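**Q** Using the sequences plus the hints, can you model the full thing?
Residue numbers (the working numbering): 39 to 639.
Derived from the structure by calculation, the hints contain no laboratory data. Not one of these hints is a red herring.
Across the chosen pairs, the derived CB separations fall in these ranges: (1) 167 / 609: 57 to 65 Å; (2) 321 / 205: 27 to 35 Å; (3) 250 / 124: 15 to 23 Å; (4) 167 / 282: 17 to 25 Å; (5) 167 / 83: 50 to 58 Å; (6) 211 / 281: 22 to 30 Å; (7) 362 / 137: 47 to 55 Å; (8) 449 / 115: 42 to 50 Å; (9) 638 / 181: 53 to 61 Å; (10) 318 / 121: 44 to 52 Å; (11) 167 / 338: 31 to 39 Å; (12) 115 / 220: 30 to 38 Å; (13) 318 / 211: 32 to 40 Å.
All figures in this text were calculated on a predicted structure; none of them were measured in a lab. Cβ coordinates follow ideal geometry from the N, Cα and C atoms, glycine included.
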Amino acid sequence: MAVLNSISWDEAAYSRTSEEAWAAFIKSRFAALATPKLTVGPSVQSRMIEQELRMLKKYLSVAFRCRNAVSGAAALPAEVLSTIFTLAQDGGWQPRHIVENGTSRFDLGWINVSHVCSMWRQTALRTPALWPKISCPHLPSRMLPEVIRRARDLPLELYVDTTAFKQGNFPVERWLCEPIVKRCKSVFVTSRDIDETSRVIHCLPPAEYSLKELAVDLDITDCGGDWCLFEPEVNMAVAGYFPALDRLSLRGCFPCWGMLMALPDNLTRLSLAIDGVDGSTDPRYRPDARRFRDALVALPHLQHLILENFFPEPLYTATANMVPLPGGPFTITQLRSLTVICNCSWTYEQHYGYFWRNFRVPRTAIVQVDLSLGRAKFKGDYLAPITFMGADAELPLEMTLSKHTVSVRYSEIEGDYWTGRSNPDPFYSPTTDQYWDVDTLRGSRHIHDADTYVVNFANQLPLPSLRAIFLPADVLPWYHDPDDWISSFSTAQDVRRLSFTYPTSYELLVALARTAQRAHDAPSLALFPRLDTLIFHGDATLHGSKDDQIIPESLDVALFDVLSTRARCDAPIKRIFVSKQLASWEVWEHIDHAAIAVAFF
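**A** As C-alpha cells, then:
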C-alpha cells in the first residue's frame, strides 16, 4: 500500500507486487484442490474446482465495476448521469419497432444505456423520472410491467403510434389496458389511419381517471385527404368523460362542432391544426364563425390558443356575401397567448383576414403569427394583428423591424435591458426563436413572414405611438438613401431610443442629421426629432478591429454630424451605448463625454 500512496507511482514495482499477491492467492485456492493427496475423490475435487471458478468469475465482475467506477463516464455522479440519460431520451433516441424484410425486431433506444455497465444501470433504475414515457407499441409488451414498476408512483405518458400497431399486427388493448391507462396524465396519438385513430380513442379512460393532456395527430395526406370526425358518442367522451383534461391538441381530427359541448370546458390550452387544405376539402372539419365563438365562450379557463391552418368558416348571406359576426367582433377575454401558423395559401386567402376582423384578444395577450406561403405578398393585410386597431386598442410603444419580422410591445422595457437585444435569425419565426422578448404583463405582437419583406409596409405600421425602435442588421441595407428612411418613418415623431448595427448605418446616420427648413421657423429635424438615446450593435459578421474591416471613413463623420446637428436643434443625444465588439474604435474617444454619456455593453 506504500506504493499506492506514493506521489510518484512505480508501475513496475506495483506490477510485481500485484503478480506476487495474485499468484499466492490462486495457489492457495486451487493448488490444494488439484493435489492427489485429497481423499474426497476425483468427482468431488472437480466440483470443488468448478465452485472456485464460479466465484472467480463472480468477483471478477466486481473488479471490473471498480475499474469502471474510476474511468470515463462511469465516474460521473449519478445526478449528472441521470441528466445525460434524460437528454438522450428527449433528443429522440426512443424505442422503435422495426420491420425489415419481413422480420420484426425492437430497438430499445435510450433504454440501452441501462445495459452498458452496472453503474449506468443502477443510476437509470434509481431515477423514476426516466420511466413514465411509454412508446406504444415500440416498447415490447413483455417489458411493460418492469417499466411501470420503475416509474413507481409517477403518472404515465403514453405515446401511441397507430401505424406501428398496424404494421406489427399488435392488439392496441395490450398497451392501452385499464391498469396502464388509468395512471396516464398524458396521451399522444400519431396516426395515418382514420379507423386506427378511432380505435385508440375508444380505449381512453372513463371520467374517474385523471387524464390531463390529450394530443391526436392524424396525417390526412395519407388518408386520401379525409379528416376524422369524432363520432358523437366519442365526442361526448372527449368533452364530458375527462373532467381533468386541461390541454387538448387536435391535428386532422376534430369534434362534431354542432354538439352542445364540443370541447371539455376545463381546457387551459387548445391547439387546432390541419394540413393540405384546399377548396375541395370537406368544410365540416371547421365550425363557422358563430359556432367557433360559442365553443370559445364555453371554455372559461382557456389561456393559450394555437391555430395552424385552422380558422372558422366565414358567415355568408343567402347570396353568398360575407358578413361579420353578429354582435360585432368577439374578444376572447381570458386568453393570455394566441399563436397562428399558416402555410396554406387557400386558407390564408379565404379565412385569415376574416378571422382578425371578427375575433380579438385582450390587450395583455401575446400574439405570435408565422406565415410561410411560398410567395411574397403585395399588400400589408397580413399585418392585421398589429395594424388593425379597435376603438379600445392600446398603441404599441416599442418595435423591432427586420426584413421578415415585425415585433411590437405595449410597454417600454427597463433601462437594464435596453442593450439586451440581438439580431434575429431570419430563418426563425417568433413562434420558435427564443430571441423574441414577449411581454406577459402589457402584451406584445410578433409577425413573421418567410416570403415577404415587411419593410415594404413600414409606413402601414402604428409608428406615431412608438418610443423605441430596434433595427437588426438585415434591414439597414434595405434603405438605399437617407430619403428612404425619412419617408418610411416620417410619422414616428415620438421615438426616443434607437438601436441598430453601427458598421452598416451610414445612410441612417445621414438621415438622422437631416433638417427641414420652414419659413420663419428654425430648422427642424427630419427624422425622429425627439431621439435622445442611441444603441450601437456590432455586425454579426464583424471580428477584430475597425482597421480589419471595409468601413467607410465617412461613417464616423456622419455620427459627429448627427451629434452636432441635434445639439444645435435643441434635441441633443444624451446617451450612447456601444457594443464591446466596437469598443476598440477610436471614434468613441472623440465624443464629448461631458455632454453625452457613453457606456459599453
